[in-house]
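Since the structure of chain X is provided, determine the placement of chain U on it from the hints.
Each chain is listed here by its residues.
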Amino acid sequence: MTNEMKDTGIVYDVKGLDLWYGQDQALKNINMQIYKNQVTAVIGPSGCGKSTFVKTLNRMVENIPIVKIGGEILYHGENIFDKSVMVEELRTKVGMVFQKPNPFPKSIYENVLYGPKIHGIRDKKVHMEILETSLKAAALWDEVKDRLDDNAYGLSGGQQQRLCIARALAVQPEVILMDEPTSALDPIATQKIEDLINQLKEDYSIIIVTHSMQQAGRISDKTAFFLMGELIEYDDTSKIFSNPAKKQTEDYITGRFG
Amino acid sequence: MENQMKIAAKGAMASRKRENLHFSINRSNISKRVRRNNFYRVLFSLSTVFAIGMLMILLYQVWIDSVGWLTPGFLTRNLSIFPEKAGIHGAILGTVYLMLVVIPVTILLGVATAIYLEEYATKGRIAAFIRTNITNLASVPSVIFGLLGLAVFGRLLGLGSSILAGGLTLSLLVLPIVVVAAQEALRAVPGFLREGSYAMGASKWTTIWRVVLPVALPGVLTGGILAVSRAIGETAPLVVLGIPTLIMRIPKSLGDDFTALPIQIYYWTLDTVLTREYANLAAATIVVLLIVLFMMNSVAIVIRNKYQRRF
Chain X
-10 MTNEMKDTGI VYDVKGLDLW YGQDQALKNI NMQIYKNQVT AVIGPSGCGK
40 STFVKTLNRM VENIPIVKIG GEILYHGENI FDKSVMVEEL RTKVGMVFQK
90 PNPFPKSIYE NVLYGPKIHG IRDKKVHMEI LETSLKAAAL WDEVKDRLDD
140 NAYGLSGGQQ QRLCIARALA VQPEVILMDE PTSALDPIAT QKIEDLINQL
190 KEDYSIIIVT HSMQQAGRIS DKTAFFLMGE LIEYDDTSKI FSNPAKKQTE
240 DYITGRFG
Chain U
25 MENQMKIAAK GAMASRKREN LHFSINRSNI SKRVRRNNFY RVLFSLSTVF
75 AIGMLMILLY QVWIDSVGWL TPGFLTRNLS IFPEKAGIHG AILGTVYLML
125 VVIPVTILLG VATAIYLEEY ATKGRIAAFI RTNITNLASV PSVIFGLLGL
175 AVFGRLLGLG SSILAGGLTL SLLVLPIVVV AAQEALRAVP GFLREGSYAM
225 GASKWTTIWR VVLPVALPGV LTGGILAVSR AIGETAPLVV LGIPTLIMRI
275 PKSLGDDFTA LPIQIYYWTL DTVLTREYAN LAAATIVVLL IVLFMMNSVA
325 IVIRNKYQRR F
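First to last, the protein sequences are chains X and U.
The numbering of the first sequence is this note's numbering, which starts it at -10 and goes up by one.
The numbering of the second sequence is this note's numbering, which starts it at 25 and goes up by one.
Chain X extracted, bound-state conformation (with noise of 0.2 Å):
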């Protein structure tokens, strides 16, 4: 991460990913190169590998101990598995949200501004700065800015959520990482959500891990199709929802099993 941005328009190249739990593989030997300002969507029926995929991006995988993993991936051409490479920081780089909103049983000030905090930043005027534009890429300015102080498990599910989007923008990432960030949310939250990923496309380069097809074919550039831990088959998402090349990914995708 030491290296200038190099503007190759990848962000992510994968090769030969392989990754254990235990005794049982979870990914086999994935390759594929993820794109600057695209909305990546990973899809593929329970149990596929894809979020341990998304979650090896941002090596927050190695939280359960007995994984093992082997390939590389590079971030800006560099291995994010190096040894000189710091999780903390790459994980400002890359932001994730998960499938449950998570918020901290902090106020929402605090929540947008814990990243900043941590990573050093003690001006109060810059506090209140990227607190707002933080709250407003994630739609959610309007709706709190009376009430900052106000505890964030007071807000309903699909606030929380995008309060926890605003919490990841506030650390400035280049990637965000959203595992079904909607999987938990109503069809109106869920739209919300939507929209706010196609304009924060502008901006940052988004995967997500989905399970409904539907919205990966509304928000997403391209579209990565797992089973049984093998990537099977990735392209422009208009190719794969409308002239598939492998079999197992039209059977997917036409509701054949999954």
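A portion of the hints provided could be inaccurate.
As the list claims (entries may be wrong) - Covered by chain U, according to a simulated footprint, are these stretches of chain X (three or more residues, beta-carbon under 8 Å):
no., segment
1, 103 to 113
2, 156 to 166
Unchecked claim - Computed cross-link-like contacts, BS3-like style, restricted to lysine-lysine with a CA-CA straight-line distance of at most 27 Å:
no., chain 1, residue 1, chain 2, residue 2
3, X, Lys95, U, Lys228
4, X, Lys89, U, Lys228
5, X, Lys95, U, Lys330
6, X, Lys114, X, Lys82
7, U, Lys276, U, Lys109
8, X, Lys72, U, Lys109
It should be emphasised that the hints constitute simulated quantities derived from the structure, not laboratory data.
All values reported here derive from a predicted model rather than from experimental measurement.
Glycine included, every Cβ here is placed at the ideal spot set by N, Cα and C.
Same frame as chain X, but now just chain U:
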């Protein structure tokens, strides 16, 4: 996909018609089962009545013995060979000083140990062994901790029967309780909060300090207060340490000799054979000690209720 599911669901419904069920509810025995339920309800309520009744008798006797002796002067006077002039000022101060040692030592050591075991130690066999044994330590008789305190603090470190020696011994005694309570409080912090912090690039320590500890604090405090109130009431370790009762001086520093409330109760009760009124003095001291313990436990309950989980 949805169509397939609908068809499958219809099939399942069709095969579960009522006449196909292969069991029938036996309704004839219902009154028997209701009677059995009543029997157990009475049995269990009698157990409760017994436990509470015994406690009430105890409290009543102590209260009766202490009436007339528990005066403001009793709290402000020091020891005297004349029962009607004796007070527990020194013992109260001794107990307060003891707490000044026990509270910081147990909270700091206990929370640090719990953080290490829950957050840092690998989940291997050695950690599991340590965890089990901390729980076991909590059930070691207090007199044994007294012997340990006598050997290590009293003799080896030359602290004698000072406040420091007594406080450290009591700290060791209740440390396992604090560790176990803190471990439980840490374990109850949901993993998704930790993940949220790690995903922001927070280190483990930052996550513990800013997210985990604030959420776990009420549980830690509750456990801490209960442990300290146990330490206040302990007698055996102090007796083994040789804490005297005939202290006329008021302790001024942690190196001074002292006496404490439970010790005072113990010796006055022993000497009842010599002086009849000592029983009343002991009872009055018990009432004071019980009030202190009751207040501390109330604080623990208030803290626990105030910070109940909001997520």
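Tested hints:
no.	hint	result
1	103 to 113	holds (count 4)
2	156 to 166	holds (count 3)
3	X/Lys95 x U/Lys228	holds (19 Å)
4	X/Lys89 x U/Lys228	holds (22 Å)
5	X/Lys95 x U/Lys330	holds (15 Å)
6	X/Lys114 x X/Lys82	holds (23 Å)
7	U/Lys276 x U/Lys109	holds (23 Å)
8	X/Lys72 x U/Lys109	violated (75 Å)
When the structure is compared with the earlier hints, a violation turns up for hint 8 alone.
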